[in-house]
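Trainee: Here's the letter readout for the chains.
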Amino acid sequence: MDQKEWKGYLALAVVTAAAFAVIIGTRALTARTGTQQESSRETVEQAEVLNVEGYEGIRQGEYIASENGGAGSYRILAEAQGYGGPIFMEVLFDGMGSRVKGVSVLEHTETEGVGSKITETDFLAQFNDCKAPVTLPEQETPLPEEAVLQDGSYQAAGTEYDGYTDQLTMTVEQNHITGIVWDSLDQGGNSKRILADRGEYVMTETGLTWSEQADALAAAVIEKQSMEFLKVNEQGKTDAVAGVSISIGGFVSLVQDCMQQAAGIDQEALAGNAVSQETVIDAVTGATISSKAVTEAVNRAYQYVQDVMVTDTGKK
Amino acid sequence: MKSRYPVEAFVLAFLLFSGTMKEALVSGILLTEIFLLCALLYRFLEEKLPMWSQKACILIMGSVFYACMIQISFWYLDIALTGSQWLLAAVIGGYASFASGQVEGKYSVALYQSCLAWGILLFSGILREYLTTGMVNGAALVAVPAVTKAFGNIMFGFLTGAIGIAALNGIFKTEANHNCLLPGLAILVFCYPPIVMPGAVWLPGTAGVLLTALLLYSVRRRLRFSNAGKSWKGIPVELLSVGFWYMILKGFQL
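For the protein sequence lines, the chains are A and B, in the order given. Counted the way our numbering counts, the first sequence spans residues 1 to 316. Counted the way our numbering counts, the second sequence spans residues 1001 to 1254.
Be careful, since some hints might not be right.
Said to hold, decoys possible - Now the in silico label distances, taken between C-beta atoms and shown as ranges:
id, chain 1, residue 1, chain 2, residue 2, range
1, B, 1250, A, 6, 19 to 29 Å
2, B, 1116, A, 10, 11 to 21 Å
3, A, 86, B, 1252, 24 to 34 Å
4, B, 1250, A, 20, 34 to 44 Å
5, A, 206, B, 1218, 49 to 59 Å
Stated by the list, open to error - Capping the alpha-carbon separation at 35 Å, the derived lysine-lysine pairs in DSBU-like fashion look like this:
id, chain 1, residue 1, chain 2, residue 2
6, B, 1106, A, 7
7, B, 1048, A, 231
8, A, 117, A, 231
9, A, 237, A, 117
10, B, 1106, A, 4
11, A, 101, A, 7
12, B, 1250, A, 4
Quick caveat, the hints were computed from the structure, so don't treat them as lab data. No residue lacks a Cβ here, since even glycine has one placed at the ideal position from N, Cα and C.
Next comes chain B alone, as it looks inside the complex (with noise of 0.2 Å):
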């Protein structure tokens, strides 16, 4: 089957949105409507515009569509939004109405798809929330000893991307192997850096950019001829390895 629901928003929005179960929630049920909308966006002005322009409305759109709903919505329920997560907001707006062209008129399977992924989005919320804090939106639920901030932390959003897109591959029978994931992952090291040197604030982003984009140029060569699993070959072998090393830059921070 080939994959009808916007892979690359999808993983940012689990590095992004998947710390808390209101985040997953508010931003998965968002960008599903958006996929749709640009999807029906990109069947009308398909005959109407040149495909440049047709691609540049969508992806304007898209980007500030989904962007401004975050912020509405964030706002309704007392969420804070920081300038980065808006920025990342729009980029994966972007990244929805960029693969709204391949819904090719397959709606019911574009909506299903995108709720699938929405359903796993959640569920990475909820036991994110309930591991960082013991409890789940305000509510305690059974005592576990192994609560810790960390798993709050950005560098997990990379490890239940990956497992969440494996198993969507897993479930769908798709490969996530050519994509575009690196512009976005870009960004985000650039907002979100491992270290952060208060001197120089600019330099541990800009390092953690190039580090992405030679891990991931590297990722992609040495699995080429691998025997890694179909659900987890592409964007989940990706994200652990960038997840990794995210994790290991972070030990530095003091």
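In isolation and in its complexed conformation, chain A is listed as follows (with noise of 0.2 Å):
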């Protein structure tokens, strides 16, 4: 045998060393994710499957039991209509399922770049270790299908935005509405809706003024006489009522503010006895849809929990 062959050889047995080297090491250094893994497959043969029917937005509920025999957790997979579509989510509550230990957004058809930062750590972390049921803030408290709209007047005004303020007063007469006027001024205190008319506020060429557009919305919701119809987008505006393509947030927070006024509901009070015992929780920016299908999904999965525990004593 020459040279050349015994360097064959001895290259053959060093690429051989080394092979078994590589898959004998990757195999220890994986080892430690392999243990992890093999003790997270034995938490979820711990799992008990909780029967979720008849729960609207439960797909799935788990008991996972302590190792140590100490409080257990639950695990539940809910989900919501979000702006795309169903948002899927898990959910973690403690072993008395009032606080949430964690979120993820399992599956979603949000928008991307807009929605889509529902699944972001920055805004799911913020259920970490919170306190269940949650809220957005300045969720409107909805109007009570009992509730009597009092004859009158009544005004309601927004905060400053993008230089503008909205201001709305609404009619009410044999407790129906009878009109609405919805109206913006800018800092100088000159009316959005006397620009538009004078053509110094100009949208688009071809379209509605805004003060035609104000008037459209106003008149749709006397004709319905309810806001339930006025679905809004993630952008703000609508597809409710035709040729009106303003954002219209502001009309719709003034209207259901004067309506609460005309029901003699007071606002403030509804919202503070709620909140106090919700967390906050702040909303994607630009997301309102999306995150509120978020914090309804949690709230669902925290009132499936509850309902769980009072009808099984045995794990409370």
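Taking the hints as your guide, dock the two standalone chains into a single complex.
Mentor: As structure tokens, then:
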């Protein structure tokens, strides 16, 4: 056997040894990960599947017993309707079912760069170890069905946004809304209605003016005598009224305010009572609907866990 | 310098096993081992068997041995191995055995070139796994905003393969002009078609094979008198071409 052959066999021996070292070394280095996977598999095997029949938005429920016999935890798969479709989430509760240990978004079809931000750590970290139920700030308390609007004239004003402050006047006669006037004043006190009618506030050359769109919105609300038909998208606009392309978030908020005044409902007291028992979560900027869906899913999971705990006293 | 490492085999390894660090690590070192083993066997059988028998023996041994070693190693490391990957591993082994004849006794050069190719394959595996999952072998590194599962798809293997082979050509001052990559690429495209049709599973793969052959032929004809860089001539450009059409067709998968 010549020298070249020896070199060949030596190279083969070296590479074979290296191959064994690489393979065994890789397995040894990932052994810790494997152990963690095995222990998590064991944890799953101890999970007790709960009955979710009859609970809207709850896909799966599990009670995971603690290894050392202490309080376990609940793992709930919940869903809620977001802007682009259903959002599926995993919500973890402590053994008492009152504190949220963590939340993760499993699946969603929200708008990329807008609603999809609900998966970001900054938003989801707010749910870690928070008291359930949860709510978003400034969520309007809905008007009760049996509320009756008292006759009179009601006014509401919003906060300044983009140099304008919204104002709204609502007239109620014979318990029905008969007039709504929505205006917006700039810092100099100039009315957007007047500016639009003069042609000094122009949005598009061919579309309705701002005042015409505001009147169309008002007419629609007067015709329907409610706000439920006005679905607001993530950009704060609606497709419910033809020709209206302006942002209507301010209009919706002020009309609801006036309606609650007319119904004699103390909105602040109601909001205060509700919020004091709830954890306030900051919504994702520009993704209110997606954020609301997440809080709705968490609250559904919370309500389910509370019901489970009441019916299964062994786990209390 | 002449290429004394199994170029086509490493190309397929880039396409198939450069998605994660573990796969790249294991497949690369086993490929180097098989290549050297086949080279030694080639010398051993050179004067003992007729040429056709010698080549057939080495081809069968290389294919089967590499496929089995991959299967055992992947099982040992808890890495999932599909039937298509196992079949293509056998093809890689075949290419390695086919290229073992060009070692011509220069084992040190063959080892050096193969190890460098393995190193670049490993680097590709680390990079792609990091861009796919934000982690390497389960270890979270620096957060990167552009993490997407698309980097783990085979279409990016074409890109990393092209860059890897071009880099190796540049280092070794070689060209990969004349190659028999088509059969291996055709099998790969048949097993991993860019578009999947549940009703006619065989159709996209068959169409893909024909398209690959057509594309490679037209690319070689067109670039014959082109001014592409020396390192990029041959396999790198062909890989890029096939990779781009694969990517384009993948976009039509709804």
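Trainee: Next, verify each hint and record whether it holds.
Mentor: Structure-based check of all given hints:
1. B:1250 with A:6: 19 to 29 Å: 49 Å, violated
2. B:1116 with A:10: 11 to 21 Å: Hint holds: Cβ distance 19 Å, inside 11 to 21 Å.
3. A:86 with B:1252: 24 to 34 Å: 26 Å, holds
4. B:1250 with A:20: 34 to 44 Å: Holds - the Cβ-Cβ distance for residue 1250 of chain B and residue 20 of chain A, about 38 Å, lies within 34 to 44 Å.
5. A:206 with B:1218: 49 to 59 Å: Roughly 51 Å apart at Cβ, these two residues keep to the hinted range, so it holds.
6. B:1106 with A:7: 9 Å, holds
7. B:1048 with A:231: The given pair, whose Cα atoms are some 84 Å apart, is violated under the 35 Å limit.
8. A:117 with A:231: 21 Å, holds
9. A:237 with A:117: Given pair residue 237 of chain A, residue 117 of chain A holds - Cα atoms ~20 Å apart, limit 35 Å.
10. B:1106 with A:4: Given that 35 Å is the threshold and the Cα spacing comes to 7 Å, the pair holds.
11. A:101 with A:7: 62 Å, violated
12. B:1250 with A:4: Violated: residue 1250 of chain B and residue 4 of chain A sit about 48 Å apart, past 35 Å.
The structure shown violates the earlier hints numbered 1, 7, 11 and 12.
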